[in-house]
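Going down the list, the protein sequences come from chains A and B.
The numbering of the first sequence is UniProt numbering, which starts it at 1 and goes up by one.
The numbering of the second sequence is UniProt numbering, which starts it at 1 and goes up by one.
One or more hints might be untrue.
Ranges between beta-carbon positions, derived for each pair [unchecked claim]:
#	chain 1	residue 1	chain 2	residue 2	range
1	B	Pro144	A	Thr223	23 to 31 Å
2	B	Leu59	A	Asp210	50 to 58 Å
3	A	Gly251	B	Val37	18 to 26 Å
4	B	Glu6	A	Thr223	49 to 57 Å
5	A	Gln44	B	Ile5	44 to 52 Å
6	A	Asn85	B	Val118	54 to 62 Å
7	B	Trp73	A	Thr224	36 to 44 Å
8	B	Tyr99	A	Lys131	20 to 28 Å
9	B	Phe72	A	Lys140	25 to 33 Å
Just so you know, these hints were derived from the structure itself, not from any lab.
Since the model is a prediction, treat every value here as computed from it, not as a measurement.
Just so it is clear, CB atoms sit at the ideal spot from N, CA and C, and this is done for glycine as well.
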Amino acid sequence: MSTATIDNKPVVPEEIKSFTVTLIVRRFNPEVDDEPHWQDFDVQLYPTDRVLDALHKIKWEQDGSLTFRRSCAHGICGSDAMRINGRNRLACKTLMKDLDVTKPIYVEAIKGLPLEKDLIVDMEPFFDSFKEVQPFLVAKSTPVDGKERQQTVAQRARFDDTTKCILCAACTSSCPVFWTDGQYFGPAAIVNAHRFIFDSRDENAAVRLDILNDQEGVWRCRTTFNCTDACPRGIQVTQAIAEVKQAIMRGKA
Amino acid sequence: MTSTIEAPRSPYTRSAKKRGLNWEKWGWIYMRVSGVVLIVLIFGHLFVNLMVGEGVSALNFAFVAGKLASPFWQTWDVLMLWLALIHGGNGMRTLVNDYATSRISRGILKGAILLSVVALIVLGTLVVYTFDACPAGSPADLLPALCSTL
Numbered sequence: 001m002s003t004a005t006i007d008n009k010p011v012v013p014e015e016i017k018s019f020t021v022t023l024i025v026r027r028f029n030p031e032v033d034d035e036p037h038w039q040d041f042d043v044q045l046y047p048t049d050r051v052l053d054a055l056h057k058i059k060w061e062q063d064g065s066l067t068f069r070r071s072c073a074h075g076i077c078g079s080d081a082m083r084i085n086g087r088n089r090l091a092c093k094t095l096m097k098d099l100d101v102t103k104p105i106y107v108e109a110i111k112g113l114p115l116e117k118d119l120i121v122d123m124e125p126f127f128d129s130f131k132e133v134q135p136f137l138v139a140k141s142t143p144v145d146g147k148e149r150q151q152t153v154a155q156r157a158r159f160d161d162t163t164k165c166i167l168c169a170a171c172t173s174s175c176p177v178f179w180t181d182g183q184y185f186g187p188a189a190i191v192n193a194h195r196f197i198f199d200s201r202d203e204n205a206a207v208r209l210d211i212l213n214d215q216e217g218v219w220r221c222r223t224t225f226n227c228t229d230a231c232p233r234g235i236q237v238t239q240a241i242a243e244v245k246q247a248i249m250r251g252k253a
Numbered sequence: 001m002t003s004t005i006e007a008p009r010s011p012y013t014r015s016a017k018k019r020g021l022n023w024e025k026w027g028w029i030y031m032r033v034s035g036v037v038l039i040v041l042i043f044g045h046l047f048v049n050l051m052v053g054e055g056v057s058a059l060n061f062a063f064v065a066g067k068l069a070s071p072f073w074q075t076w077d078v079l080m081l082w083l084a085l086i087h088g089g090n091g092m093r094t095l096v097n098d099y100a101t102s103r104i105s106r107g108i109l110k111g112a113i114l115l116s117v118v119a120l121i122v123l124g125t126l127v128v129y130t131f132d133a134c135p136a137g138s139p140a141d142l143l144p145a146l147c148s149t150l
């Protein structure tokens, strides 16, 4: 009689499979190239990796000249907005498992702003129109008890959605009107105007509404919802623009 | 060697704010209002012409002449004509504003749109109000059959 042997397999954690992903990146080096061109890279990645990890792997292991912006890498600083498979996304919030990795992933700089190098664009025109809507609290009166300006929960909730903006320019650079027209304020500027127009503590709503009630202001919006789709913070951008339009029509916030 | 890629958008030249009537705002409101009215007018028009009674087979010269003789349908058609042409013209104007970059091409395209809208509105309004199926004094063989029954 044979003795029963115990199947003594060592406990090995289940191996997470990695796979090869092809990234096609739109490169442009102003010192060498006349115009941008596409370059592919093969990277070994896990489903939990992000597009930013893939770009890091390329930069650190394959081609150190690849240029892109990123700071916090956790979806807060708004540095790494780029066009991923034709949609504006933050590279640090786009997971491999959410993309179709059987096909190449196309990565390029956001559109509508001057391209400087690889994935970096000149953000100045974007910030210019942001500054123009006076994105700061204007209150000339002194608070009641001399300390703070109090708000009810409802007053705070009125503009809560638009406080989430991180100025990554994903919305503005997804807007077809912004792509062609250098004058249009763009969704991000209107979102940040909305944040103060509907703030009960602010006293300059009329001025901001006047700024946006311009040929290049909110009336340029065609409600294509590209901006709402692009926003990495889930801000209902098109709705905010529509609320500003309503406020201009009624003449008050 | 350094090459710069041309800025993708037309240059930033925001002009000083002009006082007075804000055409852009009223244009936007006009698009919304006329759009809603046009839905009723156009679908009412299609329903009456194509579905009521004998349907599409009832359409002929006499049918149109009959409609244009009634003040109700005259008003309906003129309203539809004006609202739709200005709605379409304004829509094309916004497209030109978006995509035509130079002042000259902008001016030419907008002028052409204005010209065609005005011409079509004038001609259409003339037809609706001055249409006469049986002009007096015309030779009988050129008149439609319905005139002899009048």
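Verification of the supplied hints:
In this structure the hint that B/Pro144 and A/Thr223 lie 23 to 31 Å apart at CB is violated, the actual value being about 48 Å. Under the hint 50 to 58 Å, the C-beta atoms of B/Leu59 and A/Asp210, about 52 Å apart, fit the expected range. Distance hint for A/Gly251 and B/Val37: a CB-CB separation of about 24 Å, consistent with the stated range 18 to 26 Å. Between B/Glu6 and A/Thr223 the beta carbons are some 29 Å apart, a value that contradicts the proposed interval 49 to 57 Å.
For A/Gln44 and B/Ile5, the hinted distance range of 44 to 52 Å is not satisfied, since their beta carbons lie about 33 Å from each other. For A/Asn85 and B/Val118, the hinted distance range of 54 to 62 Å is not satisfied, since their beta carbons lie about 46 Å from each other. Remark: the range hint 36 to 44 Å for B/Trp73 to A/Thr224 is upheld by a beta-carbon distance near 37 Å. A beta carbon spacing of about 27 Å between B/Tyr99 and A/Lys131 agrees with the range 20 to 28 Å that was offered as a hint.
For the hinted restraint 25 to 33 Å between B/Phe72 and A/Lys140, the CB-CB distance of approximately 58 Å leaves it violated.
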